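There are 2 protein chains.
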Amino acid sequence: MKKQQSKNIAIIGSGLVGSLLAIYLKKYGHKITVFDRRPDIRKVDFSGRSINLAMSNRGWNALKEVGLEDKIKEIAIPLDKRAMHVIGQPEYYQKYGKEGEAIWSISRGVLNRKMIDLAEAEGVQFKFDEKVWDVDLPEAKLYTGETEKGEWQEYKYDLIFGCDGAFSRVRHKMQRRSRFDYSQDFIDVGYKELTIAPNADGTHKLDKHSFHIWPRGKFMLIAMPNLDGSFTCTLFMPFEGEVSFENIKTKDDARVFFKTYFPNVMQDLDNLMEDFFKNPTSAMVTMKCFPWTYWDKVALVGDSAHAIVPFYGQGMNAGFEDIYVLNTIIHKYGDDWEAIFNEFQQVRKPNADAIAELSYRNFMEMSSKTADPKFLLQKKIEKHFATQHPEKWLPVYSRVTFSDRPYAEALAEGDAQEAIMKKVMSIEDIEQKWDSKEVEEFILKQL
Amino acid sequence: MKKQQSKNIAIIGSGLVGSLLAIYLKKYGHKITVFDRRPDIRKVDFSGRSINLAMSNRGWNALKEVGLEDKIKEIAIPLDKRAMHVIGQPEYYQKYGKEGEAIWSISRGVLNRKMIDLAEAEGVQFKFDEKVWDVDLPEAKLYTGETEKGEWQEYKYDLIFGCDGAFSRVRHKMQRRSRFDYSQDFIDVGYKELTIAPNADGTHKLDKHSFHIWPRGKFMLIAMPNLDGSFTCTLFMPFEGEVSFENIKTKDDARVFFKTYFPNVMQDLDNLMEDFFKNPTSAMVTMKCFPWTYWDKVALVGDSAHAIVPFYGQGMNAGFEDIYVLNTIIHKYGDDWEAIFNEFQQVRKPNADAIAELSYRNFMEMSSKTADPKFLLQKKIEKHFATQHPEKWLPVYSRVTFSDRPYAEALAEGDAQEAIMKKVMSIEDIEQKWDSKEVEEFILKQL
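So the protein lines, in turn, are chains A and B. Using the working numbering, the first residue of the first sequence is number -4, and each one after it goes up by one. Using the working numbering, the first residue of the second sequence is number -4, and each one after it goes up by one.
Simulated from the structure, these hints should not be mistaken for lab results. Because the structure is a prediction, the values reported are computed rather than measured. Warning: the hint list may mix true and false statements.
[What the hints assert, rightly or not] In silico EDC-like pairs for lysine to aspartate or glutamate, Cα to Cα no more than 16 Å straight-line:
| no. | chain 1 | residue 1 | chain 2 | residue 2 |
| --- | --- | --- | --- | --- |
| 1 | B | LYS283 | A | GLU146 |
| 2 | A | LYS144 | B | GLU143 |
| 3 | A | LYS144 | B | GLU146 |
| 4 | B | LYS144 | A | GLU146 |
| 5 | A | LYS273 | A | ASP40 |
| 6 | A | LYS144 | B | ASP367 |
| 7 | A | LYS136 | A | ASP153 |
[As the list claims (entries may be wrong)] Cβ pair distances, simulated, as ranges:
| no. | chain 1 | residue 1 | chain 2 | residue 2 | range |
| --- | --- | --- | --- | --- | --- |
| 8 | A | ALA116 | B | GLY43 | 56 to 62 Å |
| 9 | B | GLU413 | A | LYS432 | 54 to 60 Å |
| 10 | A | ARG172 | B | ARG37 | 28 to 34 Å |
[To be verified] Calculated Cβ distances over 12 Å to all of chain A for the following chain B residues:
| no. | residue |
| --- | --- |
| 11 | PRO85 |
| 12 | VAL105 |
| 13 | PHE123 |
| 14 | PHE162 |
| 15 | ARG171 |
| 16 | SER277 |
| 17 | ALA278 |
The C-beta atom is built at its ideal place from N, Cα and C for all residues, glycine as well.
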């Protein structure tokens, strides 16, 4: 590991990625200032537009590296399975992985408060309610002020990190340069945060160690447990169309909607309806860009570089893995920030693109394929084979969620598996002999 | 045609699309003000970063509709063929289409000056050197001023049109709204404007009625004639790599480059070398977005909605066709600008996407396929068949350039033709029997 000279570093954004990056960089002895345009999240209510986080292997790795894994596990709940709530069927469970493998439910707000506390304890300085309006990229200067048109204050740094999320102001500045590739693609489904309250005795109303899903074709409800006995639910639904946010206008509309599609959460109906009209409907976007860095001065990390739709539960994990990888590259190059930034973007970009693609495909799969018997049979065959030959067939979900193999590899392996399964599905009478020796041998020959 | 109430309309951008749209709308009796952040192009030198325009059918249609075709033909030169300059071969020609079909070379600057003159003569007001910094979309208000941070003046309009090009400020404002899809993709090839001077007697040094091409694989030079006997040339070349803009640093580098690759323009070497170092290297981008409009208040027209790479010569033509189509929709809906804007974007978006794709494919074709004998044979077979059966096989280039069929149809037809040609190219001994009755019959059966 090469030594580093102490630098004066600004991080824009005090979210999860900004706070964790601050902790990492502080450990090198750098002077770290974190700017956020919003107030200190520890002093305000949460926004009501959050989806609970599912921390998995990559997120934990990044926390472990700076000794935070245990502290964060205290505020997380392990979920080792999906609980499926299908109309007309009893609740049933799908294990996520092997024994001991789980994803962990954490409230975004609770985690963010904790991370800021931990960063402050390390000596990171936070400047809340200070809005960055402009960045001088080659000079690594920041301009902040009350309003965009008003008086600005200038700050000069050695390095600036943009951890300011999908609508990053730092990226916004980079984006106006020539030869900066950029895309933002919204999906036509929105989401809304809802809550299921705890039982009177503080226990959870649904199984506490499950990720609860009510799949309904074009829309779905999910629920993830919180420490206080409540569940944070997310309703994903098209903005427009037959069953859509647009078409639920009155309390009566909402009552009919919940009664029709989610009968087993009716005891929380009042709750849900209040949230439905109180909380905003949010949009989801896939954002890609390149380059992520400017000389040895400015770098984007996390959502500001690669925002993804939430259907693989990997947004935060990918951001934390950025930091983990960046750190290994710092180890390699020491003070050569140009080399660090260049390798960082070269290594991470293909993986960011891969998890964006996987997340989008999961969205498409959930909205259009979950009712297709052919698709369900294919999933059953894959699972069957993977159980028989765990060393030969690691499901994509496991590779993404429980391994630290690159996302790009998971995508490529998944495509290879899909090609094999296409052949399997065209075997005559596959419905009858899906679990036969013949099919098993067939797959083995393809590998 | 429904009557229209007179509206107070602002057009942002005094380029080709902005000026022509102003002329169209003025004819309805609207009050039209055109803003441009740059000075009056009639009072300054051209920029040295222009590619000559190739006006074809769609552009002429739009001009004819408002009686301008003849006036513009006076400043244009018809090109009925490509002149190919291949090293080690004599110059040879490829006709563009049927007898009488041609594309027309026009200097962007000359045309733009003329269009502004024509718009002013119609009573359009131009405000040059006035920078629009912000747009209030729901109120159709504009904010202009010397600098972004300085004092602003507010203007209120009934309608605002953003004709401010690929880096549109109007779109920039729309882009920050949720659910606005946007992408900008740069190609790794840049371009530079160069000039071949006229002969001493004012005549052209190369054939005047040809589009001259020096294809060199990864890079190429093109030349289009001007009225004054000169040619405006464009050198397309990778930014980085073996033969690249990056690698031509000195006058010696440039001399060797031109001598090696473009021996037949050596008499203009001094000229070319001076331009090479004087003129900027420009980037090329494909820009897509949606929606193009905001309520009944704001609409994007031309490059601001759909910037494309220039390899099909359709950028201006597509922008002019936007206006032509918009006008037919105005005829249909009269004062219902919400309906007008909605139909406009619904009708034009697929066609804009199609010409973007076709233009990008032409770039890929030129940079990677022009040296492939299989590809050249395929083109020869297509041409041969099209000549025999002109009613059954309209080449994509002709459909795009010499027809007014939708771009999306040209793309779809081109894909269908490509699928047929793939089969043709896999016929055994196709090299020998490419012009045989057998191949002709084979293609006829596929149609």
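Given the hint that B/LYS144 pairs with A/GLU146, test it: the Cα-Cα distance must not exceed 16 Å. Distance of about 9 Å is within 16 Å: holds.
Should the hint that A/ALA116 and B/GLY43 are 56 to 62 Å apart at their CB atoms be regarded as holding? Because 58 Å falls inside the window, the suggested range holds.
Can the restraint linking A/LYS136 and A/ASP153 be considered satisfied, given a maximum Cα separation of 16 Å? holds, 9 Å
Test the statement that B/VAL105 is away from the interface with chain A: the closest C-beta pair must be farther apart than 12 Å. Holds: least Cβ distance 26 Å, greater than 12 Å.
For the pair supplied as a hint, A/LYS144 and B/GLU146, is the alpha-carbon distance within the 16 Å limit? holds, 9 Å
Just to be careful, I want the Cα atoms of A/LYS144 and B/GLU143 compared with a cutoff of 16 Å; is the pair within it? holds, 8 Å
Can you let me know if the beta-carbon spacing of B/GLU413 and A/LYS432 is within 54 to 60 Å? violated, 44 Å
Does B/ARG171 really sit off the interface, with its C-beta more than 12 Å from all C-beta atoms of chain A? violated, 8 Å
Beyond 12 Å from every Cβ of chain A: is that where the Cβ of B/PHE162 lies? The assertion about B/PHE162 is violated, with a minimum of 8 Å to chain A.
Hint check for B/ARG37 and A/ARG172 - Cβ pair distance inside 28 to 34 Å: Distance hint for A/ARG172, B/ARG37 holds at roughly 31 Å.
Does A/GLU146 sit within 16 Å of B/LYS283, going by the straight-line distance between their CA atoms? violated, 35 Å
Taking only the CA atoms, is the gap from A/LYS273 to A/ASP40 under or equal to 16 Å? Holds, at roughly 14 Å.
Hints 1, 6, 9, 14, 15, 16 and 17, counting from the list given before, are not met by this structure.
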